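**Q** Chains as they are written, first to last, in our numbering: chain A, 4 to 171; chain B, 34 to 350; chain C, 150 to 252.
Read the hints as simulated data drawn from the structure, not as lab findings.
Please read all numbers here as calculations on a predicted model, not as lab measurements.
Virtual Cβ for every residue (Gly too), placed ideally from N, Cα, C.
Treat the hints with care, as some may be off.
[Said to hold, decoys possible] So, partial list: chain A residues that the calculated Cβ filter (under 10 Å) puts toward chain C:
no.	residue
1	Phe46
2	Met67
3	Gln86
4	Trp90
5	Ala95
6	Ser129
7	Gly138
[As the list claims (entries may be wrong)] With beta-carbon atoms standing in for the labels, derived distance ranges:
no.	chain 1	residue 1	chain 2	residue 2	range
8	B	Leu49	A	Arg94	51 to 57 Å
9	B	Gly325	A	Ser129	46 to 52 Å
10	B	Phe302	A	Phe142	37 to 43 Å
11	B	Val110	A	Ala108	37 to 43 Å
12	B	Phe302	A	Ala139	36 to 42 Å
13	B	Trp39	A	Ile101	54 to 60 Å
14	B	Ile303	A	Leu160	38 to 44 Å
15	B	Gly38	A	Ala139	37 to 43 Å
16	B	Asp98	A	Leu166	39 to 45 Å
17	B	Met195	A	Ala95	50 to 56 Å
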Amino acid sequence: MNVAFYIAGGVAVVSTFMVITRAHAIHALLYLVVSFLSLALVFYVLGAPFVAALQVIIYAGAIMVLFLFAVMLLNLGREARAQEREWLRLRAWIGPSILAAVLLAELVYLAAGGGAGAAGLPAPASIIVGPKEVGASLFGTYLLGVELASILLLAGLVGAHRLTREEE
Amino acid sequence: MPEAGWGAVHVVVMLLMPLLLAAGLVWAERRLLALWQDRYGPNRVGPFGLLQVLADAVKLLFKEDWIPPRADGATFVAAPAIIVTCVLAGFAVIPLAPGFVVIDLNVGLLFLLATSSLAVYSVALAGWSSGSKYSLLGGLRAAAQMLGYEVFMGISLMGVVMMAGSFNISRIVEAQQGLWYVGPQFVGFLVFFVAGLAETRRLPFDLPEADSELVAGYHTEYSGMKFGLFFIGEYMGITLMSSLITLLYFGGWLGPWLPPVLWFFIKTFIFIGLFILIRASLPRVRYDQLMGLGWKIMLPLGLVNLMVTAAVLLAKG
Amino acid sequence: MADVPMEYGLILAAILFLLGLTGVLVRRNIIFILASIEIMLSAAGLAFVVAGAHWGMADGQVMVIFILAVAAAEVSVGLALALRFRRLFGTLDIDAADRLRDR
Numbered sequence: 004m005n006v007a008f009y010i011a012g013g014v015a016v017v018s019t020f021m022v023i024t025r026a027h028a029i030h031a032l033l034y035l036v037v038s039f040l041s042l043a044l045v046f047y048v049l050g051a052p053f054v055a056a057l058q059v060i061i062y063a064g065a066i067m068v069l070f071l072f073a074v075m076l077l078n079l080g081r082e083a084r085a086q087e088r089e090w091l092r093l094r095a096w097i098g099p100s101i102l103a104a105v106l107l108a109e110l111v112y113l114a115a116g117g118g119a120g121a122a123g124l125p126a127p128a129s130i131i132v133g134p135k136e137v138g139a140s141l142f143g144t145y146l147l148g149v150e151l152a153s154i155l156l157l158a159g160l161v162g163a164h165r166l167t168r169e170e171e
Numbered sequence: 034m035p036e037a038g039w040g041a042v043h044v045v046v047m048l049l050m051p052l053l054l055a056a057g058l059v060w061a062e063r064r065l066l067a068l069w070q071d072r073y074g075p076n077r078v079g080p081f082g083l084l085q086v087l088a089d090a091v092k093l094l095f096k097e098d099w100i101p102p103r104a105d106g107a108t109f110v111a112a113p114a115i116i117v118t119c120v121l122a123g124f125a126v127i128p129l130a131p132g133f134v135v136i137d138l139n140v141g142l143l144f145l146l147a148t149s150s151l152a153v154y155s156v157a158l159a160g161w162s163s164g165s166k167y168s169l170l171g172g173l174r175a176a177a178q179m180l181g182y183e184v185f186m187g188i189s190l191m192g193v194v195m196m197a198g199s200f201n202i203s204r205i206v207e208a209q210q211g212l213w214y215v216g217p218q219f220v221g222f223l224v225f226f227v228a229g230l231a232e233t234r235r236l237p238f239d240l241p242e243a244d245s246e247l248v249a250g251y252h253t254e255y256s257g258m259k260f261g262l263f264f265i266g267e268y269m270g271i272t273l274m275s276s277l278i279t280l281l282y283f284g285g286w287l288g289p290w291l292p293p294v295l296w297f298f299i300k301t302f303i304f305i306g307l308f309i310l311i312r313a314s315l316p317r318v319r320y321d322q323l324m325g326l327g328w329k330i331m332l333p334l335g336l337v338n339l340m341v342t343a344a345v346l347l348a349k350g
Numbered sequence: 150m151a152d153v154p155m156e157y158g159l160i161l162a163a164i165l166f167l168l169g170l171t172g173v174l175v176r177r178n179i180i181f182i183l184a185s186i187e188i189m190l191s192a193a194g195l196a197f198v199v200a201g202a203h204w205g206m207a208d209g210q211v212m213v214i215f216i217l218a219v220a221a222a223e224v225s226v227g228l229a230l231a232l233r234f235r236r237l238f239g240t241l242d243i244d245a246a247d248r249l250r251d252r
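With the rest of the complex left out, here is chain A:
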């Protein structure tokens, strides 16, 4: 089962790298879908089958379709791809890559137990947290968050509708 985690993690990293380096918008978004699918597999391996399915249904299956719709309607052609390749020359990558590498070194150090108080973590629980527990927690402890999330989605709906309306 651990092998599945490493393989899925590797696929996620590689496809995410492809997302940020592609010049073709649709290809980049398809790599992003692959990345989300491998993340869903990682969730499942870690004992979270409910959010694994939700990740596929909502993130990879609805949000990314919305992305694809928008890009398909934007009709980015050959000139746009040439423009992207122009912008993506190696010079642009040096600064952000160095900063990201520094941050990564920091995070790995902290995660591996370098900071204070991190040494005494117990072993992982290794149980499967199923939909029943998630539902009880979601509508018990976090009920207010659910209501706020629904208001947020309503706001997003109204906002998106208003923004794309033609000016009369």
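Dock chains B and C against chain A, hints included.
**A** Positioned in the frame of chain A, the structure of chains B and C alone reads:
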């Protein structure tokens, strides 16, 4: 060793069964449509036209394997593969008999919803990668239709899940020992059936691929075996939806005297026949009527079903 | 489920998050910037799931559900803005919007 042996049998059966059923459906649909439309179907190739499937397959294989010049090659070829993969993956959690399932997932129903979400990509990518405006329009319409109806499909299924107390399909079937869920969940069944028709893009919801609209929608530019894969994918989708209706609303393999597998297949075939009957008899729905029906009628019905189910279950303690 | 140490899960989340961050810093096209933001949100979700799995509690998954809702709302508004941007400036280059007032 016997464990792994049985597992292999399950996998092989669940890979072959949908493919063979879909191939048989090619013939069965045309004969049944002909029966209900008062004409002969294919009856020349072999006894009762049974070899028509073989003739169709040979014809498709011999066609030129062509990709339109302005098309996006890799995506164009991948799109039909996506739909077949997603539908076959969905069959992995369908139990034919108690214990006969490839993997008895505890979130089996969610897995099925996930695979049908991924099937949206096949139509959207097919429409876009063809490089033609009719395909793109058809693809976007089909994708919007599938996305919308998926919502009500999920909501209507939640009623079944609440009554059975689990996402595990085998457990849902076993919970129907006393009373099939079509009784208490009749509204949910109707919503799920309509959503299933829309998800598989069957008449009356087949505007995206209708021959009299948008040429042929998202599979205008497809020919040969790639079109064959779309075709087979649609029939496998019908089989998957019919199996789901049997399992979730009509007691799956439960029934007297006959072996459970036989009951499952009898009920599934009845629903496949129902899908074909609906195609033979109903006119096509216009796109705005389709979306209006979905969001303005099916969604409130599904939500009301959910609320009433929850209220009754809470009241019964 | 898997006996993967918490550190490996967090390191995976960190790598993905920083890849997304690099994407936001490097790319000039709005669509790619939005996609990189999605990568970052998803990586944060992974960190939550790792933490929840470690303690065997459902709270990690609950946070991921909220992240999904937030991402959905943000993507719809963001893409609507991108379409308006394109209509207004004729390009998706984010550097084209470099003034607070019309030219």
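**Q** Now tell me if each hint is right for this structure.
**A** Results for each hint:
1. Interface restraint check: Phe46 of chain A against chain C, minimum CB-CB distance 5 Å, threshold 10 Å, status holds.
2. For Met67 of chain A, the interface hint holds, the least distance from its beta-carbon to any beta-carbon of chain C being 8 Å, beneath 10 Å.
3. Residue-level restraint check for Gln86 of chain A holds (minimum Cβ-Cβ distance to chain C is 8 Å; threshold 10 Å).
4. For Trp90 of chain A, the suggested interface contact is upheld, since its CB lies about 5 Å from the closest CB of chain C, less than 10 Å.
5. Satisfaction of the interface hint for Ala95 of chain A is found here, the shortest Cβ-Cβ separation to chain C being roughly 5 Å, below the 10 Å cut-off.
6. Annotation: interface hint on Ser129 of chain A holds; nearest CB of chain C at approximately 6 Å, less than 10 Å.
7. The criterion of a C-beta within 10 Å of any C-beta in chain C is met by Gly138 of chain A, whose closest approach is roughly 8 Å, and the hint holds.
8. The given range of 51 to 57 Å is respected by Leu49 of chain B and Arg94 of chain A, whose C-beta atoms sit roughly 55 Å from each other.
9. With their beta carbons about 49 Å apart, Gly325 of chain B and Ser129 of chain A fall inside the hinted range of 46 to 52 Å.
10. Phe302 of chain B and Phe142 of chain A have their C-beta atoms about 40 Å apart, which keeps the hinted 37 to 43 Å range intact.
11. Hint check: Val110 of chain B to Ala108 of chain A, Cβ distance near 42 Å, so the stated range 37 to 43 Å holds.
12. For Phe302 of chain B and Ala139 of chain A, the Cβ-Cβ distance of about 40 Å falls inside the hinted range of 36 to 42 Å, so the restraint holds.
13. Against the hinted window of 54 to 60 Å, the Cβ-Cβ separation of Trp39 of chain B and Ile101 of chain A comes to about 55 Å, which satisfies the hint.
14. At about 40 Å, the CB distance of Ile303 of chain B to Leu160 of chain A agrees with the hint of 38 to 44 Å.
15. One distance hint, 37 to 43 Å for the beta-carbon pair Gly38 of chain B and Ala139 of chain A, holds here, with the actual separation near 40 Å.
16. Remark: the range hint 39 to 45 Å for Asp98 of chain B to Leu166 of chain A is upheld by a beta-carbon distance near 44 Å.
17. Between Met195 of chain B and Ala95 of chain A, the C-beta spacing of about 53 Å keeps the proposed range 50 to 56 Å intact.
Checked against the numbered hints given earlier, the structure satisfies every one of them.
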